[in-house]
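K.L.:
Note that the protein sequences, when read in sequence, are chains U and R.
Under this note's numbering, the first residue of the first sequence is numbered 48, with each subsequent residue one higher.
Under this note's numbering, the first residue of the second sequence is numbered 48, with each subsequent residue one higher.
FYI, nobody ran anything at the bench for these hints, they're computed from the structure.
Errors might be hidden in some of the hints.
Note that the list lumps identical chains together, so a pair holds whenever it fits in one copy or between two copies.
[As the list claims (entries may be wrong)] As a list, the in silico DMTMM-like pairs of lysine to aspartate or glutamate whose alpha-carbon atoms are at most 25 Å apart:
| hint | residue 1 | residue 2 |
| --- | --- | --- |
| 1 | K408 | E601 |
| 2 | K700 | E594 |
| 3 | K408 | E687 |
| 4 | K694 | E254 |
| 5 | K401 | E452 |
| 6 | K586 | D504 |
| 7 | K684 | E497 |
| 8 | K586 | E687 |
| 9 | K586 | E371 |
| 10 | K401 | D305 |
| 11 | K84 | E259 |
| 12 | K586 | E697 |
| 13 | K109 | E546 |
| 14 | K158 | D261 |
| 15 | K606 | D617 |
| 16 | K586 | E79 |
| 17 | K586 | E448 |
| 18 | K213 | D261 |
| 19 | K213 | D617 |
| 20 | K124 | E594 |
| 21 | K586 | E411 |
| 22 | K401 | E594 |
| 23 | K158 | E610 |
| 24 | K684 | D131 |
| 25 | K618 | E411 |
| 26 | K93 | D617 |
| 27 | K93 | E411 |
| 28 | K700 | E411 |
Given the structure is predicted, the values throughout are model-derived calculations rather than measurements.
There are 2 protein chains.
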Amino acid sequence: MNLTLAIVFSIIISLGAFALAGWLYQWIKSQESNNPKIKTISDLIKSGANTFLRKEYIILAKFAFVAAILILLFLPKPIWNQPDFSTVLSNNIAMMFAYIFGTVFSGMAGKIGIFVATIANKKTAEAATRGIGPSFLNGFRGGAVMGMAVVGSSLLGVALFFWITKNPTMLLGFSFGASSLALFAKAGGGIFTKTADISADLVGKVELGIPEDDPRNPAVIADNVGDNVGDVAGMGADLFDSHVASLAAAIVMATSIDSAMGSNNVELVFVFAALGLLSSIFGVVFAKMGKKENPTTALNLSTYITTGIFAVLTALATIIFNYEWRLYLVTVIGLFVGVIIGITTDYFTNDTKKPVRQVAKASESGPALTIISGTSYGFLSVLPAMVGIAVSAFVAFKIAEPLGEGYALFGISIAAVGMLSIVGMIISNDAYGPIVDNARGLAEMGGLGEDVIRITDQLDSAGNTVKAVTKGFAIGAAGLTVISLLAAFVSEVNDAAIELSLPLIEGFDILHPSVFFGLLIGAAVPAVFSSLLMLGVTKNAERMVAEIHRQFDEIPGLKEGKEGVFPESDKCIVIATEGALHELIFAGTFAIVITIIVGFVGGVYAIGGYLAGNIVSGVLLALYMSNSGGLWDNSKKYIEAGNHGGKGSEAHKAAVVGDTVGDPFKDTAGPSINTQITVVSLIASLFAILFLTSSLF
Amino acid sequence: MNLTLAIVFSIIISLGAFALAGWLYQWIKSQESNNPKIKTISDLIKSGANTFLRKEYIILAKFAFVAAILILLFLPKPIWNQPDFSTVLSNNIAMMFAYIFGTVFSGMAGKIGIFVATIANKKTAEAATRGIGPSFLNGFRGGAVMGMAVVGSSLLGVALFFWITKNPTMLLGFSFGASSLALFAKAGGGIFTKTADISADLVGKVELGIPEDDPRNPAVIADNVGDNVGDVAGMGADLFDSHVASLAAAIVMATSIDSAMGSNNVELVFVFAALGLLSSIFGVVFAKMGKKENPTTALNLSTYITTGIFAVLTALATIIFNYEWRLYLVTVIGLFVGVIIGITTDYFTNDTKKPVRQVAKASESGPALTIISGTSYGFLSVLPAMVGIAVSAFVAFKIAEPLGEGYALFGISIAAVGMLSIVGMIISNDAYGPIVDNARGLAEMGGLGEDVIRITDQLDSAGNTVKAVTKGFAIGAAGLTVISLLAAFVSEVNDAAIELSLPLIEGFDILHPSVFFGLLIGAAVPAVFSSLLMLGVTKNAERMVAEIHRQFDEIPGLKEGKEGVFPESDKCIVIATEGALHELIFAGTFAIVITIIVGFVGGVYAIGGYLAGNIVSGVLLALYMSNSGGLWDNSKKYIEAGNHGGKGSEAHKAAVVGDTVGDPFKDTAGPSINTQITVVSLIASLFAILFLTSSLF
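Extracted from the complex, chain U is given alone in its bound form (with noise of 0.2 Å):
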């Protein structure tokens, strides 16, 4: 095979994936659904979800709009003073380009996944009323549309930016454009599905005792925008952009050592992702939940058998092509840690485990113990997950470093994109979590009875335990991709300044003052722009919380239920909406501003210090916040399940404590973060020539 061979590959693929979910798509709306109850309350939903998407999608174009501008002028090269002024303009030009394609692919994913997945829920809740298999596969089939949607456009994008530039910095400008739109996104969408979800909590299941999606509850529409917003546009935009990112960081080493040496790494990555791609569509078509099985088995046993199929091809496709075997190892191993990160992590959330019980436990002596012993055992879980991505960076490394020079750090970057090569079946089984947990909330609205929201609780809670191993996944890679573009950093460093006829980067030596100057500063980073977020969130939810009172004190009829009354569910969205605009450009405009500040200030070192100083406390914070917000969760089912003196217990209402704290924690801070350790990798490497020639130091 050759590289343009590949290219054309991964396109045929891409295609493949979104004609697959195009299928899907026609499938799920092939299915009855007939209720009129669910049919208006799912209307409330889509339109809920569409007006907070574009005023969304308003500002994101906004701040685009400036962020092209600024590229055009400033980079990769500022375009004044310089000897070869077209060159450099037609280079700026084409990065602008890149950065906006990146910002349409990645809102478009979003898009497509909202608009499918606010179709799927009422069908997923219909489909309940024949049995829990037909309304798995509703569910998952609608998480699927979002996978396929989003890694195709990945890689297509990434695919044809390459073909026509040939140029693997433009990849990173593309890369960027989908990662400044995901910051804002799963910043925004957290916010936002987190303030409706904490109100509508605090109100009606702590104050007034009424169940989780009660109709009654001015908050409970706002509460399911919230999940498509924030859990499927949100997340899918997330991992667009660590896929993206992944497959930029290997290309601009591969392309580096192919032009060194001769060989065909670039072309290796593409062949390797395009499989990726293939498995998840393998993986994705032949799931369905067996008669005996239960929901998580047939969502984990669905990742497993991808993986598998992907272990094969890539063997296959090393033969055939006459790859290094190493790098086949690196891609597998890469892999499996991810595998196992999922799996540990699912340890600490789930209910079987002593994590979960203990907390329950704790719960019996009140909040504040429910909060000490889920604080502890979130710290404790960072570490399985470090060791592995530690561990993983360093075997890499080493299996790579005798192919030759450039090798050792393309080994990480390959080790990155073998973990997220099946990302989509990974975002399948993630945006099959709200589809469920939203059908859950039309079955009990619609009222469909007792039995239908039994299995829809099954469905729901089988998300909840499949998105812990899928969040530890998305951490992993995002932890090892952001090393490969610190990588990638490098090389764009030295290019520039082999041009400029200065001193090479040999490295980042922890002991010059610049590089722990960063570090100190970039480990900060992750912390406060959690901060803002949550703060955001508190901000909200007091404003919500408010607004449902009112509405409780004034709305006669409403209180108890009475036939004909409804809540203004609008005015909720109206404050979720508003809120997290505010807060998101606050909190995304700090991480992005303050990397800038210290390029300029600190110059090449300070930022490579401050890169290592981010992925660290990034990771470690995002793995704690993530883990301890599902354990605090799966402890509340688990009370609620009958265990500690179950509903309406001491132990009960200490857990729904702890639930509303992990709220933010898992499904606003904690994934946002992902986002920000990519997207300040990201700018380091798109500002590297500005960061070489004009710091203060």
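For this one, chain U is given, so just place chain R on it according to the hints.
P.N.:
Below, chain R alone, put in the same frame as chain U:
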């Protein structure tokens, strides 16, 4: 001046500090105290504290014995297989003694502190019947005995050992002895104090609604014992350890510069350290509360006066002894950055500022928002301190660099010495806290009346505010100290490398796979270490809560407060003691063993990355936990002062949950991390030769 004179001068000032401590002790002892009820309770607290300390020291003596044997066999070099057996043996014996004396000096300082604190508490309580001024003076002078004893023994130990051995590596052994004891003392004391505090609050305040120090509550005595063993002895051990480590690191680097350039930097370190202690002596002697002052102002004023005196004295010394002005500048910058870090920390925990008020307001919507908003501000609070550490390290490096080879890193270590110069004053202020806290309990249990309780409350609240400042200071100082320990590690490794004709370490490049491997693992350790401590607290608190329930159920008349019915306080003390001793060994050993494993697996490069990761994540988590804990505590106090519904309101209940969560954050895990990073850094330096010669990779 010459070096010997400087050492003698240090010894004289140390002895002066001891003399002052003795005088203060006599003064406190001479104060009136005749209330028999208070005497009884105070004796109970004293005997509880002594019981714990005795049991703890027995276990630690066993640990130290094993460690001493291992040091004899292995450190600084393995005794077998060496050509110069007798030199190695005598060095190892010296190192073993250095280690043992480190543990003994540290333990002694803790013991003296407890001894005085358990007398000062009752004197402070009774002095409050005569007014706030005398009561303040009792509390402050009680704390000052601890301050003088700790810094006196630290400086005395370092000076004596260096005088005798002339070998700075021995100081690392002395420092290791101090910090391994501190690690266990801080962890054990922290678990003890918070087990008792949380259990007393959970049953007393939350369940039964009885006041804080109600004598019916079986855990109240244990809680007061905990203040002494955790906050007095543990904190003293912690700052003893930081002070010794900062001196040891500075002297290691100064020696290597002096021997190369014939300069007098070791002399300067001793002179400056002695002047710091002298300034603290002045500060302590002149501290008192003016007629119109409040206690917070009095405490802060004494810190500022000490800082000013130190700046003047060191300037004079620089003129007289012709020291480098650049080193003076670095010292003073270190000190001022320490004060600034303290002040910014204060912003996040002061009840007149936004964070505390916002968290109090959020508490109206229930405990979940208390936790989320407090966590958010806790995360935010890391930024100023981390920037402060980063800037002071960077500036110190740059200012000292022009002085010649080796001065740049020495600059960082002398900034740490500067920051820790006034530590005698800091400890005095810090130990004041638990003494007045105890006094408040004694006033309540001894029935001294509302007026007296109000006075002790006022003193207690000042203690909490000042504690925020001193903790910020302690973390900042530990951060700078371990950076200089990292530099000391390189110096040790390279000395060994020269001797063994191995290649020198040029630095720790983040892109080196072993360094990055170490960075990730090192960053995970403080999280896991905190987790183990907090799980220890949860586990023990559950046990103690059950015991309190049992006593209220089974002892007739206890709940009703019948005359002559006493709770079985000793049972609670036993639970806290046994639990704490069990958990401290596990957590402490974990931190030590994982460091040694990383060193033997990954070698010196992995350890370099490991230390850097450990420092940044350790500083981050320590700041987060200390500050959010202080913030919750003061939010609760702010509500209790009558805001947002005051005592008994829903907001108050939520704030109590926050306070309880904050307890192990700020008094167990947060400050223990300080010690953990120091211990780990010292292990790295001490094992330098072994890691260099016997690692797997």
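K.L.:
Does each hint fit the structure? Answer for all of them.
P.N.:
Consistency of the hints with the structure:
For a Cα distance limit of 25 Å, the shortest separation of K408 from E601 across copies, 24 Å, qualifies, whereas the shortest one inside one copy, 40 Å, does not. When the C-alpha separation of K700 and E594 is checked against a cutoff of 25 Å, the pair qualifies both within a copy, at 23 Å, and between copies, at 23 Å. In this homomeric assembly, K408 and E687 come within 25 Å of each other (Cα to Cα) only inside a single copy, at 13 Å, whereas the closest approach across copies is 30 Å. When the C-alpha separation of K694 and E254 is checked against a cutoff of 25 Å, the pair qualifies both within a copy, at 14 Å, and between copies, at 20 Å.
For the identical chains of this complex, K401 and E452 are neighbours neither inside a copy (47 Å) nor across copies (55 Å), given an alpha-carbon limit of 25 Å. Taking CA atoms no more than 25 Å apart as the test, K586 paired with D504 passes in neither setting, with 30 Å inside one copy and 32 Å between copies. Within a single copy, K684 and E497 get their C-alpha atoms as close as 17 Å, which meets the 25 Å cut-off; across copies the closest is 46 Å, which misses it. Proximity of K586 to E687 under the C-alpha cut-off of 25 Å is restricted to the inter-copy arrangement: shortest distance 23 Å between copies versus 29 Å within a copy.
With identical chains, the CA atoms of K586 and E371 are never at most 25 Å apart, being 54 Å at best within one copy and 52 Å at best between copies. Proximity of K401 and D305 under a CA criterion of 25 Å is satisfied in neither setting, with 50 Å inside one chain copy and 56 Å between copies. In this homomeric assembly, K84 and E259 come within 25 Å of each other (Cα to Cα) only inside a single copy, at 18 Å, whereas the closest approach across copies is 54 Å. For the homomeric pair K586 and E697, the shortest alpha-carbon distance between copies (19 Å) is at most 25 Å, but the shortest distance inside one copy (27 Å) is not.
Taking the shortest alpha-carbon separations for K109 and E546, neither the intra-copy value of 34 Å nor the inter-copy value of 63 Å comes in at or below 25 Å. For a Cα distance limit of 25 Å, the shortest separation of K158 from D261 qualifies neither inside one copy, at 28 Å, nor across copies, at 60 Å. For the identical chains of this complex, K606 and D617 are intra-copy neighbours only, at 18 Å inside a copy versus 52 Å across copies, given an alpha-carbon limit of 25 Å. In this homomeric assembly, K586 and E79 never come within 25 Å of each other (Cα to Cα): the closest approach is 41 Å inside a single copy and 52 Å across copies.
Neither within a single protomer nor between protomers do K586 and E448 lie at most 25 Å apart by alpha-carbon distance, with minima of 50 Å and 47 Å respectively. Proximity of K213 and D261 under a CA criterion of 25 Å is satisfied in neither setting, with 55 Å inside one chain copy and 77 Å between copies. Taking the closest pair of Cα atoms, K213 and D617 never come within 25 Å of each other, the shortest separation being 48 Å inside a single copy and 77 Å across copies. For a Cα distance limit of 25 Å, the shortest separation of K124 from E594 qualifies neither inside one copy, at 50 Å, nor across copies, at 70 Å.
Taking identical chains as interchangeable, the C-alpha atoms of K586 and E411 lie at most 25 Å apart only when they sit on different chains, with a minimum of 13 Å there against 30 Å within one chain. Taking the shortest Cα distances, K401 and E594 sit within 25 Å of each other only across copies (24 Å), while inside one copy they are farther apart (40 Å). When the C-alpha separation of K158 and E610 is checked against a cutoff of 25 Å, the pair qualifies neither within a copy, at 35 Å, nor between copies, at 72 Å. Within a single copy, K684 and D131 get their C-alpha atoms no closer than 64 Å, and across copies no closer than 66 Å, so neither meets the 25 Å cut-off.
Taking the shortest alpha-carbon separations for K618 and E411, only the inter-copy value of 22 Å comes in at or below 25 Å, while the best intra-copy value is 37 Å. Taking the closest pair of Cα atoms, K93 and D617 come within 25 Å of each other only inside a single copy of the chain (12 Å); across copies the shortest separation is 63 Å, beyond that limit. In this assembly of identical chains, K93 and E411 lie within 25 Å of each other by CA distance neither inside one copy nor across copies; the values are 40 Å within and 33 Å between. Proximity of K700 and E411 under a CA criterion of 25 Å is satisfied in both settings, with 9 Å inside one chain copy and 17 Å between copies.
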